[in-house]
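*Asks:* Residue numbers (our numbering), protein chains in the order written: chain D, 1 to 453; chain G, 454 to 906; chain S, 907 to 1359; chain Y, 1360 to 1812.
Hints in this document: simulated from the structure, not taken from any laboratory. Backbone N, C-alpha and C fix where the C-beta goes; we use that ideal spot for every residue, glycine too. Each hint should be verified, as a subset may be incorrect.
Stated by the list, open to error - Derived, one-sided and incomplete: chain D residues facing chain G with beta-carbon distance under 7 Å: (1) P163; (2) P314; (3) A411.
Unchecked claim - When the alpha-carbon atoms are kept at most 20 Å apart in a straight line, the in silico DMTMM-like pairs for lysine to aspartate or glutamate are as follows: (4) Y:K1757 <-> Y:D1723; (5) S:K1304 <-> G:E728; (6) G:K851 <-> G:E840; (7) D:K398 <-> Y:D1723; (8) S:K1304 <-> S:D1270; (9) Y:K1757 <-> Y:E1746; (10) G:K851 <-> G:E879; (11) G:K851 <-> S:E1181; (12) Y:K1757 <-> D:D433; (13) Y:K1757 <-> Y:D1772.
Number of protein chains: 4
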Amino acid sequence: VNGVSTRTDLLGLMAAVADVAAALSDRARLQAMLDVEAALADVESARGIIPAAAAGAIRAAAHADGYSMAELAAGAAAAGNLAIPLVAALRARVATTDPSAATYVHWGATSQDVIDTALVLQLQAAGRLITGDLRRAEAAAAGHARRHATTVMAGRTWLQQAPPVTLGLKSAGWLASLSRARRRLEASLEDARALQFGGASGTLAALGGDGPAVARDLAAKLGLQAPPLPWHTHRDRLVALAAAFGIAAGTAGKIARDLALLSQTEVAEACDPPEAAGGSSTMPHKRNPVRAAIALTCATRAPGLVATMLAAMPQEHERGLGGWQAEWDVLPELVLVTAAGTRAAAAALEGLVVDAERMRRNLDRLGGLPMAEAVAMRLAPVLGRAEAHAALAEAARKATAEGRPFADVLAADPAIARVLDRQAIERLLSPGDYLGAAPAFIEEALADYDRDR
Amino acid sequence: VNGVSTRTDLLGLMAAVADVAAALSDRARLQAMLDVEAALADVESARGIIPAAAAGAIRAAAHADGYSMAELAAGAAAAGNLAIPLVAALRARVATTDPSAATYVHWGATSQDVIDTALVLQLQAAGRLITGDLRRAEAAAAGHARRHATTVMAGRTWLQQAPPVTLGLKSAGWLASLSRARRRLEASLEDARALQFGGASGTLAALGGDGPAVARDLAAKLGLQAPPLPWHTHRDRLVALAAAFGIAAGTAGKIARDLALLSQTEVAEACDPPEAAGGSSTMPHKRNPVRAAIALTCATRAPGLVATMLAAMPQEHERGLGGWQAEWDVLPELVLVTAAGTRAAAAALEGLVVDAERMRRNLDRLGGLPMAEAVAMRLAPVLGRAEAHAALAEAARKATAEGRPFADVLAADPAIARVLDRQAIERLLSPGDYLGAAPAFIEEALADYDRDR
Amino acid sequence: VNGVSTRTDLLGLMAAVADVAAALSDRARLQAMLDVEAALADVESARGIIPAAAAGAIRAAAHADGYSMAELAAGAAAAGNLAIPLVAALRARVATTDPSAATYVHWGATSQDVIDTALVLQLQAAGRLITGDLRRAEAAAAGHARRHATTVMAGRTWLQQAPPVTLGLKSAGWLASLSRARRRLEASLEDARALQFGGASGTLAALGGDGPAVARDLAAKLGLQAPPLPWHTHRDRLVALAAAFGIAAGTAGKIARDLALLSQTEVAEACDPPEAAGGSSTMPHKRNPVRAAIALTCATRAPGLVATMLAAMPQEHERGLGGWQAEWDVLPELVLVTAAGTRAAAAALEGLVVDAERMRRNLDRLGGLPMAEAVAMRLAPVLGRAEAHAALAEAARKATAEGRPFADVLAADPAIARVLDRQAIERLLSPGDYLGAAPAFIEEALADYDRDR
Amino acid sequence: VNGVSTRTDLLGLMAAVADVAAALSDRARLQAMLDVEAALADVESARGIIPAAAAGAIRAAAHADGYSMAELAAGAAAAGNLAIPLVAALRARVATTDPSAATYVHWGATSQDVIDTALVLQLQAAGRLITGDLRRAEAAAAGHARRHATTVMAGRTWLQQAPPVTLGLKSAGWLASLSRARRRLEASLEDARALQFGGASGTLAALGGDGPAVARDLAAKLGLQAPPLPWHTHRDRLVALAAAFGIAAGTAGKIARDLALLSQTEVAEACDPPEAAGGSSTMPHKRNPVRAAIALTCATRAPGLVATMLAAMPQEHERGLGGWQAEWDVLPELVLVTAAGTRAAAAALEGLVVDAERMRRNLDRLGGLPMAEAVAMRLAPVLGRAEAHAALAEAARKATAEGRPFADVLAADPAIARVLDRQAIERLLSPGDYLGAAPAFIEEALADYDRDR
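Just chain D, same shape as in the assembly (with noise of 0.2 Å):
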């Protein structure tokens, strides 16, 4: 617009998330701004402290559309605030109709006020667009959820495999969090509701007596809660919101590092669609999780973001100089970090391509090695916890040196076969049957998704 942008999206991380980017544009901030303007008209105007032909005067003046953004901008450079030259070019504007009418823009009302309420409108808008895509997120994991309640698969911590989870519990898991990450955010989004309307200092002293009346019909008509007092240099509601914002992209981006991992050639268990996964005209085998990295990559950037937001807390008196600025274009960038990466990861979930015919492979190559732990359950009471595990691990350490099954070595051991045989053994190291409250917790998951989907 006016020579500055420097952000086209060229490199495509946003593509998926137009929608989001056009709540937050900057049209939309100016016609946010134009819709504070027009609607404060209103209320003074029912009220009689304005005019009602100059209330009438401004909502026509009020489209965006007749507005120069450059010259805004250039406007808001100079001034300090975009408020000022978009003031007075609805004022000049305004007086192109009904000059009277033109005393009456803005009346009452400061910079701020104006500013900060678009800015919550703003958010209002993209907020239930992500908290939709959570929601989408929340059904394909469900899906997930009850169709892979049995397709056991590897648990694994510090990326060794460990005892036997399924899909399913994975998937429990990933729903859990993206619902507590959506009902997080719509707790925020409802707080941060909030209308700014205090004037110069705060007092609304120009507006006499009649202030808090005119909040209250202010907030009303714009769809906002009037809170106690005004908030020029409180922004903790803000902050707070955007807290919910990244904790909803981390969210996104632990679902999206497993789906990476699930991914990796070695491991192979579940990848994105062909369609949807990046590939590679030299190596066309390749099946890049193009998702995973969209998601991963705003989980890295949305903490340096918050991180922000808090820092810029303390602010100067009845109006901060640097800390309220620094949220112009953090919060904004926040919240489409966030919608790119609730978006990639409820599209990856959605679109996920299951193996779990190779889950069950991976999972058998240690010959029973991690299925360890049941047999121990069952050996300690009896042998003693010590004895036990002295001779798991000389088992273990045996079927890996000489590449024989696990439940042969210790079907051969003594001491075991004493308290287990052959059978029991193998029953023990069956991943299948050794999945405990698995099939509890995926329940209790979805129970908890059902009631509030």
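With chain D's structure known, arrange chains G, S and Y on it following the hints.
*Replies:* For chains G, S and Y alone, kept in the frame of chain D given last:
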């Protein structure tokens, strides 16, 4: 203890929060872990999973005093976490009285179950201390809001004097932000009051079908909630809690920023009492705002710690490799920093020495210029906004250049004189008469506080 | 371009750095990538690896104007990076004039080679603009250091008046820090002037044995250095450069903090010139420190961006999955933020309106108390430190309580009077005579500057 | 010590860096501060500014053992910094042997002079230990680069197998990044080897005209450089050093990421030796990559700490209020984290158990598909790129779908067969023959290392 501690707080920042430090200390961590082991044995014994005698022996051995922190730390370094050497030490100790009981120590649990649950217990204890400090700060701010409801002082935007506020309004703003910080922290503490219990891979497979019931009993015994499923690599509850701590620290920082600015030599409107201010032997006049400095220090440190918690979220599969471990020191550090900041802010508010006379004198320095808006609101409907503002700007210029009272210059302007006589101008320039909704805002903030204290 | 841009800088923070924004723009990125492709074809043709005609056709097609940013962005989103659709588009374009040449586009290179090298080229261009601004700021600070070498003003520690300094000394401190920031940035830019060229896995295997020679030629042609080996997942050079940018932003922020504090209504020792200060239509007296606010805004934003660059370092094997992609927007954003901050600081220093008379008046407000140290240093060797300080503290207390000049009270103390007569006391309390090494420090800083400008 | 320490490293992350922790300990801090006081007295006595006897008495009292850390910490909390109670305690102690000497303790200095200079001394000591660890890591990486120059393994991009590399090349990349991290750290340590000495306001006024000379002498005596002027609120040297630490931690983290991925059960190409890997009593087969986990933990923690150092830069006037104090704990913490990370990476590299046979086996799993590029580079000039790639993609699809060797399918394609016979295809698909510049890159990296070790 083991030669690697670098942190004895010699620098003094944490001296005032020794109780919080104690709740977060390694000693408390050790005891909390032992409490978890003892409670686990109790509930398993009550369900007949382990012998009652074993549970008794385990509980008898679960006192931190019996363990060498140095040896445990060395063991933790080798094993990768503290639970491994602690469980071994507990087993050894139990074995001295009841060898067969040693088998049932830590029965069915995994290291992270014990480490996470102990952390949750510590966080609840430390968190309660901080919400207590926030309540102290709220009470002090409420006192100022009441006492100074009509104590007029300069509003300040961009660090420039703006229309007047009252110290009561400023205090009401502090109060409301403190209440929000405290409520958010209470809610996050409640949300994070979650047992961790999943066994090696999160299935509780070692307990067969008893897992969920044991989890419920264990949670109840420890005063925690039993979540639908384990959350070993889903850290959002802790991260949300971290954000709530960070916001509390930022809230304290905002108050401290205001107080530090008010205590400047050239402003001198409020300061720490002599006994609390930092002195200087070579500058006997100095009253260094030590409390504000501590709160600002903590507000500077919190964002990076919160960011680390967020950055650590994408943890691998069933056990994090780097992310989980990053939380170990970072979360307690953040809690301590928050405690120091909020307690310093509370003390600063409680002890605040207010110079109302100086406030008024500072406000009068500009000879009424900051009240220009009051005149403008009256002139604009009559003269039109443009003409009114031109007249005011010219009068302000003249008053500054010629060193004359603003009222004199205004009264001498014929255009203005047609609308307002000298007396009316003086009334408009009287700060105490231009406070708008300040009293109403204070009242609303106090009412909100009274409902919830 | 493609509907997802949210960033037109409507808020105006970046208006002053349109040249830097242009250097970092997506248009510039596209051209830089095409420059890399063209240079690669040239050097490969010169070595007989690809046909000369192919190189000519490729160079002819390497102009950004011929490409649709919207299509490329969409392609990047699908493929996971921008090079894939760009290379395809370049091939298609080359094929329209020389079908056989299309085969040799991007010959032997991988996407990251082109993306990273183009970024390096952009960073060099943008970085030079910023070092230019730092030099501007240095020149302005050096001017103040010279002009105001003896302009006495209050030293301020803990925001309390301390023994005097001069504006020249303060400026010398700014100067030295700006020079260090600029030198560090120059060194980091030089260090990061590194070609990326490694092919699919970093071995340049597709070029057989010619890889290193092609790399050397390509680096030379692009004005870059050829590092010993590719650095696809070793990002330290870029992170070190990011840190240098962040430190420059912080340096500008420190200066801005001082200027914002000096411009407070109650201090008013220095401010922006009227044409640059932000005004307020309803408060005609205000001179908002807009430049300082921008620099502080940027200093608030830089740390989170640097942290993200650091957090993205542990990239996977031969190509990062999330970490690399996080750099794409974050590093240009950091550069832009740094540019805005340093340029605002430069402008603020260049335009600074100094009120030396007010400096002196502010200093005199405490009636000599901040000079107590001067007296103490003379009394202590005679009376002993303890007695000297007790006498001074008592005198300070009395002067403040009784509103008497400090010199009077000191002279009236018999213990002090034995050591210092009234005239000596007054000389000691004269700020202009208690500047110690300030002139020498200024001289050293200016000499250092002169050596290097 | 004083009841507020929460940090005894019970969790074990820092156990391996007890020497670094000792260099950064509060005990070392105390002694460094006393060293500064003693050196100051010495040089002032040598210049006749204070009596020689006083200097002797001060030096005699400057041993940390004589002071109560608990009392000092309590004093620091009250005064706002540690130097105030320490100087008082030192004076009291000196007075017991030479009452008149007590007057000359800390003569002409300010608290920050002593605190900052002591910190600089500690950082030099700790920094040297870390550069030593980086050299260890370099030596280990160089060893692998040499030994495994021809040990072929899969290249991996996006965690998918790509054309082959060698472990030697991977090690050469680690080596070069470690060397750069070490050189950067050495340069930053040298840059930050700067005395702080400015007195109350940075003018050294208390020393009259002797300030600069005393500063030079003091720097020389302490092994530091005397900067052109004091830098109390210009913290860039320390921040640049912090960034260098952070980059070293990130470098270690990148290596750890690779090692953790290589040690996965399903990859198993390299791991910690049995004695160093974390074991599991219930899973005897596990080899948890404890060292990599520590390095990744530290890489996760460093960015937030560096960000805090940057965020603290805009410090007020002549003494920071919150920013300076934030550094006190954060910088030592960052150094310790870096030490733990780099030492863990060094140990991991030194002890690395490599399974070259498994590397080869993993590479062979895809039946030659990752070598498709080698074939493509040969076919493209003959068939044209488009046709060549279509043929390869179809062959890859067929090979995967039908489970046939890639070479078979390729040889069966008539278009390909016209260009390459079966033998040529097999040679092209041989990983060991498709390493391009890998040997040259390794050689260059080793040559660079040899020049500088």
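*Asks:* Please write out, lowest number first, the hints stated earlier that are contradicted by the structure.
*Replies:* The structure conflicts with hints 3, 7, 12, although it agrees with all the remaining ones.
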